[in-house]
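Colleague: Given chain A's structure and the hints, the job is docking chain B onto it.
There are 2 protein chains.
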Amino acid sequence: MNKKDKYNIAVVGATGAVGRRIIDVLEERGFPVANLSLLASARSVGETLLFRGQKIGVKELRKDSFEEVDIALFSAGSTISKQYAPIAVESNCVVIDNSSEWRMIKGVPLIVPEVNSSALGEKWEIIANPNCSTIQMVVALKPIHDNYRIRRVVVSTYQSVSGSGQKAIEELEQQSRDVLDGKSTRSNVYPHQIAFNCLPHIDSFLENGYTKEEIKMVNETHKILEDNTIEVSPTAVRVPVFYSHSEALNIETELPMRADKIKELLSRSPGISVVDNLKNNEYPQAVNACGKGDVLIGRIRGDLVRRNAINLWIVSDNLLKGAAYNAVQIAELLLKRLTFPLSILDK
Amino acid sequence: MNKKDKYNIAVVGATGAVGRRIIDVLEERGFPVANLSLLASARSVGETLLFRGQKIGVKELRKDSFEEVDIALFSAGSTISKQYAPIAVESNCVVIDNSSEWRMIKGVPLIVPEVNSSALGEKWEIIANPNCSTIQMVVALKPIHDNYRIRRVVVSTYQSVSGSGQKAIEELEQQSRDVLDGKSTRSNVYPHQIAFNCLPHIDSFLENGYTKEEIKMVNETHKILEDNTIEVSPTAVRVPVFYSHSEALNIETELPMRADKIKELLSRSPGISVVDNLKNNEYPQAVNACGKGDVLIGRIRGDLVRRNAINLWIVSDNLLKGAAYNAVQIAELLLKRLTFPLSILDK
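As given, the protein sequences belong to chains A and B, one line each in that order. One gets this note's numbering by counting positions in the first sequence from 1 and adding 72 to each. One gets this note's numbering by counting positions in the second sequence from 1 and adding 72 to each.
Isolated chain A (complex conformation) (with noise of 0.2 Å):
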């Protein structure tokens, strides 16, 4: 790919929760975008999506949906982009993933550009965005790693349905109705009730007793952290909210900590916000987090007795930061690193 004034750009799963969110935030960041493919499967087909004011209809996804593409961004499921991201890199298009399928596969570059731009490389061709709860977290862990070096992270997080895409939010919407009105609920997306409930359990069941979700914040914690010997401890839960992931952390360091100089250190790290003045009852929230790209940081406190370690409350918007906003921030920089070809700059 080279430097162009605008690009052509697909969004691939343009009709899902964060398709759509992608479209929005190329259109509010001014993403320069030549042409705008929406790709979906046959049954969207028909769909129009507004971008920049225009219907842009929405067109099947097909192996040849990539000639004249530069930049695909992915959000239609594992399966998707197992089959399509690798003709897509064929046609000389870059893919940003946002599927869970290419993230731990050697050579794909991790990204989450506030902690880790340096592993992008050189050459593009799959690049990863990582999951949800884990771009939330890595975002406060890094400044604090390259400070203190973490060694222990015990996490629980307190997930909201948008995760699980548009046909959670209907459900938790008409389960929340139901038990209002004192009915009976169904479930469909979730095994059991989500409304008025709280579910340990996000996505399936692995031998060693944890959740695929819980194994993802690991491992991909590892490999944009580019330190396998970061123990972390998670529980993922899922919990009747709409929009945002909460999580609470306790965080172990080599290096002593005092709560007043991490609350300084995340004030001036890159993406984060920090909310917390008790004072106020001020703290992150997940109704408030909705709609914003930065994650917000509150309930900075030491633990009560080890000096190295630190309890924080983590809350930010999933579908923006922990996808949406994040994957045209992979797409950002990849236009800030590239230059106009040789040919060019010859004349």
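Just so you know, not all the hints are guaranteed correct.
Since the list can't tell identical chains apart, any single copy or any two copies may satisfy a pair.
Here are the simulated DSBU-like pairs of lysine-lysine, each with C-alpha atoms no more than 35 Å apart in a straight line [to be verified]:
| hint | residue 1 | residue 2 |
| --- | --- | --- |
| 1 | K75 | K408 |
| 2 | K284 | K364 |
| 3 | K239 | K127 |
| 4 | K351 | K154 |
| 5 | K239 | K351 |
| 6 | K351 | K255 |
| 7 | K239 | K364 |
| 8 | K178 | K351 |
| 9 | K255 | K239 |
| 10 | K284 | K78 |
| 11 | K284 | K351 |
| 12 | K255 | K127 |
| 13 | K284 | K335 |
| 14 | K131 | K351 |
| 15 | K131 | K75 |
In short, the hints are calculated from the structure, not lab data. These numbers were taken from a predicted model, which means no experiment stands behind them.
Modeller: Only chain B this time, still in chain A's reference frame:
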């Protein structure tokens, strides 16, 4: 108090969420009640509550309310407990107090019957019922501490609104309807919207950045397990759930643990139901814990790195085991310890 066939019981705060549960539990467990006094503030006088099919009128709490009463179960907040518990004791009435007022006072037993019934002592005046989030945690910790010696607990809670009383239940209900109907919400009980949101804020904030609720979990655990060296690092969070609290625990011990052994140990420990069958998506859930006296434990899995650490998911009905049921259990414990007066035995 001498052994009798039946006892005069008073419930202070009878019309509150916990008070009503106490009356239910006394009935369900066939507690040997002679006379039941339902006491509350003047504005509840005139209300009647059902006990064993009989309507009982609520009376105003007064200084002379405890004459002839053997056991008074208090659940009307710290101010009432502070003022009236000593008055009840003066009348030779044993007080079982559900407020935080007396819990940490030296000489006042803080009792979870399955855990530390031996701490009850011989002279009974005020006996304190621990905080709801502490009770369910220590029921799980006790057998592990006895067998493996607990060094550290990192706990994140997912606490239901019923812990804040009836008005909070109504606030979650009203706010949920308002959000679903696209209306703006109003908050009175909580400083922010609780519907479809998480608030890392239970009880008030202290100078050290922790909430009172969090510090209760530390101090009460130390007192109940009689071991101040156990490190407890808590984050207490209110979630939009009506009844039952959930907790994610990471526990470190002196001796190495195996998940299957811990599962077996917890299965045969008192007051615990292990719910942990991942193949059938079975794990503890708030909506399933309601109405149950047991503490439900699941997601039992060894830490990914440390052989002396384990993760648990613990759920219990905060109004029952967390309050009313534990209080009645304490009363039952008293009766078991009673002996007939020597004057009778001499005959």
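Colleague: Between K284 and K335, at a C-alpha cutoff of 35 Å, which is it: within one copy, between copies, both, or neither?
Modeller: Answer is both: 32 Å inside a copy and 22 Å across each meet the 35 Å cutoff.
Colleague: Reference check for the pair K239 and K364, CA-CA at most 35 Å: within, between, both, or neither?
Modeller: Both: 23 Å inside a copy, 32 Å across copies.
Colleague: Classify it for me, K131 with K351: is the Cα-Cα distance of at most 35 Å met within a copy, between copies, both or neither?
Modeller: neither (53 Å within a copy, 39 Å between copies)
Colleague: Pop the pair K255 and K127 into one bin, within, between, both or neither, using alpha-carbon distances up to 35 Å.
Modeller: Between copies only: 30 Å across chains, 40 Å inside a chain, cut-off 35 Å.
Colleague: First find the shortest C-alpha distance between K255 and K239 inside one copy, then the shortest across copies, and answer within, between, both or neither for a cut-off of 35 Å.
Modeller: both (20 Å within a copy, 22 Å between copies)
Colleague: Classify it for me, K239 with K127: is the Cα-Cα distance of at most 35 Å met within a copy, between copies, both or neither?
Modeller: So K239 and K127 pass the 35 Å test inside one copy only (24 Å; across, 48 Å).
Colleague: Using 35 Å as the alpha-carbon threshold, which applies to K131 and K75: within, between, both, or neither?
Modeller: Within one copy only: 27 Å inside, 82 Å across.
Colleague: Between copies, within a copy, both or neither: which fits K239 and K351 at Cα up to 35 Å?
Modeller: Between. Shortest inter-copy distance 24 Å satisfies the 35 Å Cα cut-off; intra-copy 39 Å does not.
Colleague: Could you place K75 and K408 in one of the four classes (within, between, both, neither) given a Cα distance threshold of 35 Å?
Modeller: within (9 Å within a copy, 84 Å between copies)
Colleague: When Cα atoms must be at most 35 Å apart, do K284 and K364 count as within-copy, between-copy, both, or neither?
Modeller: both (27 Å within a copy, 31 Å between copies)
Colleague: Please work out whether the CA atoms of K284 and K351 approach to 35 Å or closer within one copy, between two copies, in both situations, or in neither?
Modeller: between (39 Å within a copy, 14 Å between copies)
Colleague: Between the shortest in-copy and the shortest cross-copy C-alpha distance, which are at most 35 Å for K178 and K351: within, between, both, or neither?
Modeller: between (47 Å within a copy, 31 Å between copies)
The structure is inconsistent with the numbered hints 10 and 14, although it conforms to all the rest.
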